[in-house]
Amino acid sequence: MTYDFNSIEKKWQDYWAKNETFKASNNSDKPKYYVLDMFPYPSGAGLHVGHPLGYIASDIYARYKRHKGFNVLHPQGYDSFGLPAEQYAIQTGQHPAVTTETNIKTYRRQLDQIGFSFDWSREVRTSNPEYYKWTQWIFIQLFESWYNNDTNKSEAIDTLISKFEVEGNATVNAACDDNIEPFTAEEWNNYTSEEQQSILLKYRLTYLAETEVNWCPALGTVLANDEIVNGVSERGGHPVVRKKMTQWSMRISAYAERLLQGLDTIDWTDSLKESQRNWIGKSVGASVSFNVNGHDDIIDVFTTRPDTIFGVSFMTLAPEHELVSKITTTEQKEAVEAYIEKTAKRSERDRMADVKTISGVFTGAYAEHPFSKEPIPIWIGDYVLASYGTGAVMAVPCGDQRDYDFAKHFDIAIPNIFEGADISEEAYASKDNVKITNSDFLNGMNYKKASKLAIYQLEQLGQGEGKTNYRLRDAVFSRQRYWGEPFPVYYVNDKPQMIDAAHLPIRLPEVEKYLPTEEGEPPLGRADVWAWDTETNTVVSNDKINNTTIHPLELNTMPGWAGSSWYFFRYMEDAANRDGVFASEDALKYWENVDLYIGGSEHATGHLLYSRFWVKLLKDRGFVNVEEPFKKLINQGMILGTSAFVYRVKLNANPLGTYERGDDKKTKKYTEEINKLLPSIYISKDLFEGKSLSEFSDYFKENYSKTYLTKEVLEKIELLKENDSSLTLISIHIQNVDKLHVKVQYVNASDELDIEGLKNDGEFGEDFKDAEFILEQGVYKVGRDVEKMSKSKYNVVNPDSICEDYGADSLRLYEMFLGPLEQYKPWNTAGITGAHNFLKKLWKLYANDNGLKVNDTKPTADNLKTLHKTIKKVEADIESFSFNTSVSTFMIAVNELTTQKCTSKDILEPLLVLISPYAPHIAEELWSQLGHTESISTAPFPKFDASHLIESSKEYPISFNGKMRFTLELPMDMSKDDIEKTVMAHEKTIAQLDGRTPKKVIVVPGKIVNIVG
RNA sequence: GCUGAAGUGGUGGAAUUGGUAGACACGUUGGACUUAAAAUCCAAUGUCCAUUAGGACGUACGGGUUCAAGUCCCGUCUUCAGUACCA
640 MTYDFNSIEK
650 KWQDYWAKNE
660 TFKASNNSDK
670 PKYYVLDMFP
680 YPSGAGLHVG
690 HPLGYIASDI
700 YARYKRHKGF
710 NVLHPQGYDS
720 FGLPAEQYAI
730 QTGQHPAVTT
740 ETNIKTYRRQ
750 LDQIGFSFDW
760 SREVRTSNPE
770 YYKWTQWIFI
780 QLFESWYNND
790 TNKSEAIDTL
800 ISKFEVEGNA
810 TVNAACDDNI
820 EPFTAEEWNN
830 YTSEEQQSIL
840 LKYRLTYLAE
850 TEVNWCPALG
860 TVLANDEIVN
870 GVSERGGHPV
880 VRKKMTQWSM
890 RISAYAERLL
900 QGLDTIDWTD
910 SLKESQRNWI
920 GKSVGASVSF
930 NVNGHDDIID
940 VFTTRPDTIF
950 GVSFMTLAPE
960 HELVSKITTT
970 EQKEAVEAYI
980 EKTAKRSERD
990 RMADVKTISG
1000 VFTGAYAEHP
1010 FSKEPIPIWI
1020 GDYVLASYGT
1030 GAVMAVPCGD
1040 QRDYDFAKHF
1050 DIAIPNIFEG
1060 ADISEEAYAS
1070 KDNVKITNSD
1080 FLNGMNYKKA
1090 SKLAIYQLEQ
1100 LGQGEGKTNY
1110 RLRDAVFSRQ
1120 RYWGEPFPVY
1130 YVNDKPQMID
1140 AAHLPIRLPE
1150 VEKYLPTEEG
1160 EPPLGRADVW
1170 AWDTETNTVV
1180 SNDKINNTTI
1190 HPLELNTMPG
1200 WAGSSWYFFR
1210 YMEDAANRDG
1220 VFASEDALKY
1230 WENVDLYIGG
1240 SEHATGHLLY
1250 SRFWVKLLKD
1260 RGFVNVEEPF
1270 KKLINQGMIL
1280 GTSAFVYRVK
1290 LNANPLGTYE
1300 RGDDKKTKKY
1310 TEEINKLLPS
1320 IYISKDLFEG
1330 KSLSEFSDYF
1340 KENYSKTYLT
1350 KEVLEKIELL
1360 KENDSSLTLI
1370 SIHIQNVDKL
1380 HVKVQYVNAS
1390 DELDIEGLKN
1400 DGEFGEDFKD
1410 AEFILEQGVY
1420 KVGRDVEKMS
1430 KSKYNVVNPD
1440 SICEDYGADS
1450 LRLYEMFLGP
1460 LEQYKPWNTA
1470 GITGAHNFLK
1480 KLWKLYANDN
1490 GLKVNDTKPT
1500 ADNLKTLHKT
1510 IKKVEADIES
1520 FSFNTSVSTF
1530 MIAVNELTTQ
1540 KCTSKDILEP
1550 LLVLISPYAP
1560 HIAEELWSQL
1570 GHTESISTAP
1580 FPKFDASHLI
1590 ESSKEYPISF
1600 NGKMRFTLEL
1610 PMDMSKDDIE
1620 KTVMAHEKTI
1630 AQLDGRTPKK
1640 VIVVPGKIVN
1650 IVG
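In this text, residue positions in the first sequence follow the working numbering: the first is 640, and each later residue adds one.
Calculated directly from the structure, the hints in this document are not laboratory data. One or more of the hints may lead you astray.
Claimed, not checked - Below, a list of computed lysine-lysine pairs in the DSSO-like style, where the Cα atoms sit at most 30 angstroms apart:
#, residue 1, residue 2
1, K1582, K1271
2, K1479, K1508
3, K1012, K1091
4, K1047, K1074
5, K1074, K921
To be verified - Ranges between beta-carbon positions, derived for each pair:
#, residue 1, residue 2, range
6, T1472, E740, 33 to 43 angstroms
7, N1264, E740, 27 to 37 angstroms
8, A1215, Q733, 28 to 38 angstroms
9, N1186, Q1040, 48 to 58 angstroms
10, S1431, Q836, 27 to 37 angstroms
11, K1582, T641, 50 to 60 angstroms
12, Y1463, V880, 28 to 38 angstroms
This structure is a prediction, so every number in the text was calculated from the model and none was measured. Each residue gets a CB set at the ideal place from its N, CA and C atoms; glycine is no exception.
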């Protein structure tokens, strides 16, 4: 009986599928446990070995929980809307739905072959209309909600309208736009319906607003900061400008405080919570209004340091600030406009990251200090961002380093308001241990007192108040793309209207091209059938638009995070019962929220924040029962690729005459001809590495010149020369040595290159066909480097070939064995033999050529010790998600049991259950060989019995001044004094001390003895 | 820049509360088996010094606390991730 992993794995994958072994029930006596992976975007490239890392970890945990008696929900699906499919569609004209479907098939096949215990019956796809119907539905709920700061939750918009009808908006305490005029009930009731709609839009949780975007006119589209390199588009290198655009936004800022507080209730890593805290960026301070001299306008700023109000010596506005054009004086106009134009070309990230370049322009205008009434010059500078706070700052150069640098650069006064602080070199930014001075009524106070008083005095003047500010900005929700959820929105006189939920889904229309229109409208602007008929409640042809009953539909689509912000609820419902609901009440009640969520840390401030926001909204509006979506969250690290390099020696020929004749055509051609004759040479790594180019050049000439200047080559050069005797070959030198990526599959565990394989490669073989490889000790060694796994670096390792060569169980074990789950670590296929050998050893423990060896022999004390040691360690490891160490533990256990020649069923049967979450196929196979007819997947996890591990003695390390010199075996129950006596009397101790008397002897029973002196 | 991680042999990594640094693997070297190769098995393997016994050094770098530091504290450097329209 041999370990035929291919057929074993196929057999059990088929068995699990046929028997629906991992189908979760919404009705069970067992406690529930919900394990979720961040679902994948199905890219065209398929899975590489890095992708399944988190899935393997969650699968181990899910399987472990089943052994522990839980009803486990472990679903999987696809985040199938997204840019790459759209890009591909633009390039090839293929419908993204078609390519997405193909990609999903590949993903599914690849996932299946790794043996995951997913309940595929609950699969979701965000691009499926039956799914995005509910994404659209949630969007409508957001539109129909406002945030009541008094009750601290979202309410239906009707409750707001009722308030307006009775009290106007004076008593309403809502999260809303800043620029809302007060109105009375009477005024409200007299507004036209359109006017009322405009006002309500300022309160809704999703609303239309002007937002700054990176606009690329040439591509006719908005770009992510990511897609901009040095101010031009990554694709095509077109100019990009900052531009305002009307877009849907999500009022996530309304939930800032709850998103912050909620972090204390969930079991996420501290670093992740810290990221979200910083992202939300709560700061307590004051808002201050500055009057602008000679204008009616005021400039609002937020400051965390109201105590430094007398240190203000200028103000800085973001160049995009709406007041800039208004207040700029005619003398400064030209400079200001030039500066604004320059800034528009810089990305926000650029402006944030670059603190060294200080730039700005004086507007010529002055603000009035609220207390001293002194004029304060108003500047613009791109270190102030329009989207942060109010887009304006009161600059206190003595207390803020950026303000300080700005003031120094432009020679603006830096008044010192800190008693005894030295500000000759830098600002004094600390709040602590300093008293305020030169500050009128704040003199002599500390930060706390002065802030309080400053706020009070500002309030008296009506020019400020205490305020809590959040860095968290409302999230832009519109995308000028095709491959996303359409909005259930049409426009009547430019006012957005929601389509009734009964008519959802609004399906993506067909377009002939996936590009923006010539007029710069999003791709949906190309759709011919994209208008809403309010009578038939259907999408109809655009030419029917009459603006009375038939209206244009929204042309934007939703962003990638829309579908992923609620999908975890969709899995809770059986696919069969999903028709009328996003998930039934019963299902939501039973599964509550995700118990364990595993995914990448790159989602820290995107998906993981937006999901929490949507869940809070859904809870407020009574659709779900939980405040948080993910109870426990683990970030898996990335698996990096180990790229392989060959070193190409680039030779260059210089014919005589080049210098005299210049580079005339003939010489050039001659040079080219010779260079063509020179072979391409690749040198093995160690022959090149560590040498400078000139060192290498000498070395090469000495050792290998014959390799490249063969008789043949020289003869050919002679032939060329015949036409012109003035040309003589004078030198062939090494121009440089290039490091070139080669496909990692041609490299073995010892970094040796399979030259024949490379030469026969379908894609690149031609490049190497005539190449000469200079070997060291008979082999060509490649260079290696760890980089992100990517197609372009040729370091992608496909799990398909791994599964074929070593099996899914080997892959699963090895991925876990690589290192801690959360850490980034390089992949090296060579190491998989370790995991594979372990499985072979495991198999041999149970079976040999004659069949099964397991029998009813009574286990020995050693057998039991090994087993229980393993149970204890593995259980603790799984609970703490330390999967790499449990793989080592299995290796140790199998090594020990092999040495002990253990054949006892009492040991080997529980061992299978321990290993089954990690290597489920081999475990199922041996389990059935042992006579079981049911799957191992719900077999109870073995119980740990400490009595097998009791030791009677301990190998004590005896150290001198902290350095371990020898060990000494002593009984566990020996007293501290006896240990000391025994150790001191030992001959090795005497030898170590060499006559010295120790100052101190430290004995920690059960641990260590340390002799000092 | 800001925010969050990480740095241990040739490589991936281990080290429960501060208590034997390098478990477990990969690789390398040597050996057994074999006509040979593969597979398998055995042994050695942090660096340096030493014939041995043994010793010195050693967890990115520089300090500190402690009987004892990979682990705690202060400072520095390097790498990676996120930075709001990649998913």
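(message) Can you confirm whether the C-alpha distance between K1582 and K1271 stays at or below 30 angstroms?
(response) With a Cα-Cα distance of about 25 angstroms, the restraint between K1582 and K1271 holds, given a limit of 30 angstroms.
(request) Return holds or violated for the Cβ distance of Y1463 and V880 against the range 28 to 38 angstroms. (result) holds (36 angstroms)
(request) Could you say whether the range 27 to 37 angstroms given as a hint is met by the Cβ separation of N1264 and E740? (result) holds (35 angstroms)
(message) Against the range 33 to 43 angstroms, how does the distance between the Cβ atoms of T1472 and E740 compare: consistent or not?
(response) holds (37 angstroms)
(message) Please check whether A1215 and Q733 have a Cβ separation lying inside 28 to 38 angstroms.
(response) Given range 28 to 38 angstroms: holds, Cβ gap about 32 angstroms.
(request) Quickly compare the C-alpha distance for K1074 and K921 to 30 angstroms and report which way the hint goes. (result) holds (25 angstroms)
(request) Please work out if K1479 and K1508 have their alpha carbons no farther apart than 30 angstroms. (result) It holds: about 22 angstroms lies between the C-alpha atoms, which stays within 30 angstroms.
(message) For the hint 50 to 60 angstroms, verify it against the beta carbon of K1582 and that of T641.
(response) Violated, at about 33 angstroms.
(message) K1047 and K1074 were given as a pair; does the straight-line alpha-carbon distance stay at or below 30 angstroms?
(response) holds (24 angstroms)
(message) Please check whether S1431 and Q836 have a Cβ separation lying inside 27 to 37 angstroms.
(response) violated (50 angstroms)
(request) Using the beta carbons of N1186 and Q1040, state whether their distance is inside 48 to 58 angstroms or not. (result) holds (55 angstroms)
(message) Please verify whether K1012 and K1091 have alpha carbons no more than 30 angstroms apart.
(response) holds (21 angstroms)
Hint compliance for this structure: hints 10, 11 are broken, all remaining hints hold.
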